[in-house]
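Please construct the entire structure, taking both the sequences and the accompanying hints into account.
Final position of the sequence shown in UniProt numbering is 737; the numbers increase by one with none missing.
A couple of the hints might just be wrong.
Heads up, simulated SDA-like pairs for lysine to any residue below, C-alpha to C-alpha not over 20 Å straight-line [what the hints assert, rightly or not]:
no., residue 1, residue 2
1, 542, 715
2, 48, 380
3, 547, 715
4, 695, 676
5, 390, 477
6, 547, 710
7, 617, 652
8, 647, 631
9, 401, 185
10, 455, 434
11, 633, 618
12, 260, 222
13, 707, 567
14, 282, 257
15, 616, 649
16, 400, 182
17, 242, 253
18, 542, 440
19, 707, 670
20, 282, 354
21, 357, 257
22, 295, 93
Simulated restraints, written as ranges between beta carbons of each label pair [what the hints assert, rightly or not]:
no., residue 1, residue 2, range
23, 287, 357, 24 to 30 Å
24, 55, 401, 25 to 31 Å
25, 401, 469, 41 to 47 Å
26, 79, 575, 53 to 59 Å
27, 469, 295, 36 to 42 Å
28, 222, 189, 52 to 58 Å
29, 177, 300, 26 to 32 Å
These aren't lab readings, by the way, just hints derived from the structure by calculation.
These numbers were taken from a predicted model, which means no experiment stands behind them.
We put the beta carbon where it would ideally sit given N, CA and C, even for glycine.
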Amino acid sequence: EVYFKNLSKQKQKEVMEKNGNNHKLRVCVATCNRADYSKLAPIMFGIKAEPQFFELDVVVLGSHLIDDYGNTYRMIEQDDFDIHTRLHTIVRGEDEAAMVESVGLALVKLPDVLNRLKPDIMIVHGDRFDALALATSAALMNIRILHIEGGEVSGTIDDSIRHAITKLAHYHVCCTRSAEQHLIAMCEDHDRILLAGCPSYDKLLSAKNKDYMSIIRMWLGEDVKTRDYIVALQHPVTTDIKHSIKMFELTLDALISFNKRTLVLFPNVDAGSKEMVRVMRKKGIEHHPNFRAVKHVPFDQFIQLVAHAGCMIGNSSCGVREVGAFGTPVINLGTRQTGRETGENVLHVRDADTQDKILHALQLQFGKQYPCSKIYGDGNAVPRILKFLKSIDLKEPLQKKFCFPPVKDNISQDIDHILETQSALAVDLGGTNLRVAIVSMKGEIVKKYTQLNPKTYEDRLELILKMCVEAASEAVNVNCRILGVGISTGGRVNPREGIVLHSTKLIQEWSSVDLRTPISDALHLPVWVDNDGNCAALAERKFGHGKGVENFVTLITGTGIGGGIVHQHELIHGSSFCAAELGHIVVSLDGPECLCGSQGCIEAYASGIALQREAKKLHDDDLLLVEGMSMKKEDIVSAAHLIQAAKLGNTKAESILRTAGTALGLGVVNILHTVNPSLVILSGVLANHYVNAVKDVINQQALSSVKTVDVVVSNLADPALLGAASLVLDYTTRRIY
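Next comes the structure, spelled out in structure tokens:
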């Protein structure tokens, strides 16, 4: 709430002036059950924290007010919200007819409430039959509707209800890129769609910092350990009640056989729930020593329970949506969530004739830990939704307009400062500097931070975290959505685990370092790590000359010599993550000593360090400086001085550069004969000085079948940062969207 109170006063003034006479937006939030309140509560807190902008009216109806479902309206009161109206709208019976009658009863009672409250906008969540009654009432009474989580796809009648509410709603807040595209395909006005993420993720992503063991013991017993219990939550499928009850029975049989402590939540109020409760009691679940059966768990405590569970099983949307934020294994049963986007932590059991299939799924999933999934949100949904609410112009015509035919192909990602640019946090760990940047999907470096790279492991990791947190905070201000963190570092890296195995001598205390875990834990973002040479190749594949090329090699010519190999559009890492150590290709058996301990490596001839070594030798013998050059006593001799001397006609310097270019060219010939790429990209500060020499050596030494290879100089300004960003942007967009 503190965050919302500190929003810009200037923006507040501008919105007030737009709507005239300091008019506050009167927002009615209607909640029907424990599930939708978990999504609406973060928005309600945000609205309540800005009384200068909003007036909040809370309407409670549906299963919130039924004792059999936990009287969950109490948690709304515990959150210190004033409930303006309570509507008893549920007709008991838990069958299809009772659902229809409940909708009818709500339609009878709601007009009087809405006439009394006269809200400017009604916020409706999801796909429940109660929500359909709310949307229908508001639409017919000319009240603007903001629908949360429209455009998603799932099984059962919920799909039809969700899309029906979409057609009634005036504004839409969706959670995923696919949902946004579905709304557009349904002819909704793109200007009235906000891709915000799921509001519950704003709370989820800080959940693991809380005291969870006391919560686990309270609900499951004193002797239970983390990752050693199961959470089960299964609802009836209203379009096939008989089959869903059979599936529930098989699930309970499998859980009894699996013999692990299990927390079972009662099903929702849908048709078929009464029969499911009978099945629970028939099998003695409420009295079984391994089971705890409860009607309701407060959301704050529920997310702690699923975050530290060995597995979650059932067909609740929570399993495929919220639980992915913790990487907890999930077994999704039946068809209720068919079509939902899921992370890799979800194993689907679409149909089961016996308990064996479910039991086998439990054996596969229980106790695993998956990467955190951010498909449904990044923790910044509520600030976006509040911005969106403030942008609503009440003077605009109320009548909805549908967009026929389908919208244009190129859809802006930045509408009225609401929709954001998908971006990555890129980290470049160099021998001298540590750099962090926000990089957009198009390869634009939106913001860059640079600090000297500390000498010790602890200081370096602390600085990385500090710079990343600062950049992630700034990303919201510049309308960038951070999808993850990519790290480029020298040395040998295990990209699967995010561990630096062995570093270069330029980066001290940087071996056997797990970078992924501390950074992912601190930022609640997925993290990818790779060698700087591989990152340069990825940068070329996404943004540079390698775009669309099936087989190519990138060579970095800088302080050292490195590179990356792309074969059939994929980066090659090798069996021990040592592929593409191109600087250590030996081109002479008795050549100069390399930093790796060998002799005659390309790096010993053509790297910046090697050229600096040769320049110092010439300078010590008074053979470096020629007419037109001058050096102060305090100047450090560098490769740049050698290059300058060669340009001014110093034959000794020219000979050294020619030898370096020949060594690099011979290395490239070896690469051509080994992996046969169609393109060689020279990158780094020395690339322009070597490109012609490399081409000459290829013409003289290479087999005729590979002489046609293209050799070009990279046109990327910052391949290390762009490559680190590519780790994130390529993977997340391929998996998620």
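Discussion item. Checking one constraint from the list: CA of residue 707 to CA of residue 567, max 20 Å. Satisfied?
Written reply: Holds, at roughly 19 Å.
Worksheet entry | 20 Å limit on alpha-carbon distance, applied to hinted pair residue 547 and residue 710 | 14 Å, holds
Item to complete: Would you check the hint for residue 48 and residue 380, treating anything up to 20 Å between C-alpha atoms as holding?
Response: Given that 20 Å is the threshold and the Cα spacing comes to 17 Å, the pair holds.
Worksheet item: Is the gap between the beta carbons of residue 55 and residue 401 within 25 to 31 Å?
Response: 28 Å, holds
Discussion item. If I claimed the Cβ atoms of residue 222 and residue 189 lie 52 to 58 Å apart, would that claim hold in this structure?
Written reply: The hint (52 to 58 Å, Cβ to Cβ) holds, given that residue 222 and residue 189 are roughly 55 Å apart.
Worksheet item: Does residue 631 lie within 20 Å of residue 647 when you go C-alpha to C-alpha?
Response: 16 Å, holds
Discussion item. What's the verdict on residue 390 and residue 477, does the C-alpha distance respect the 20 Å limit or exceed it?
Written reply: Given pair residue 390, residue 477 holds - Cα atoms ~16 Å apart, limit 20 Å.
Item to complete: Using the Cβ atoms, figure out if residue 401 sits within 41 to 47 Å of residue 469.
Response: Given about 42 Å between the Cβ atoms, the range holds.
Worksheet item: Keeping to a limit of 20 Å between CA atoms, is the pair of residue 547 and residue 715 held or broken?
Response: 12 Å, holds
Practice prompt. For the pair supplied as a hint, residue 455 and residue 434, confirm whether the alpha-carbon distance does not exceed 20 Å.
Written response: Between residue 455 and residue 434 the Cα gap is close to 11 Å, so the pair holds against 20 Å.
Worksheet item: Are the Cα positions of residue 260 and residue 222 separated by 20 Å at most?
Response: Within the cut-off at roughly 14 Å; holds.
Worksheet item: If you draw a straight line from the CA of residue 357 to the CA of residue 257, is it 20 Å or shorter?
Response: 12 Å, holds
Comparing the model with each numbered hint stated earlier shows that all of them hold.
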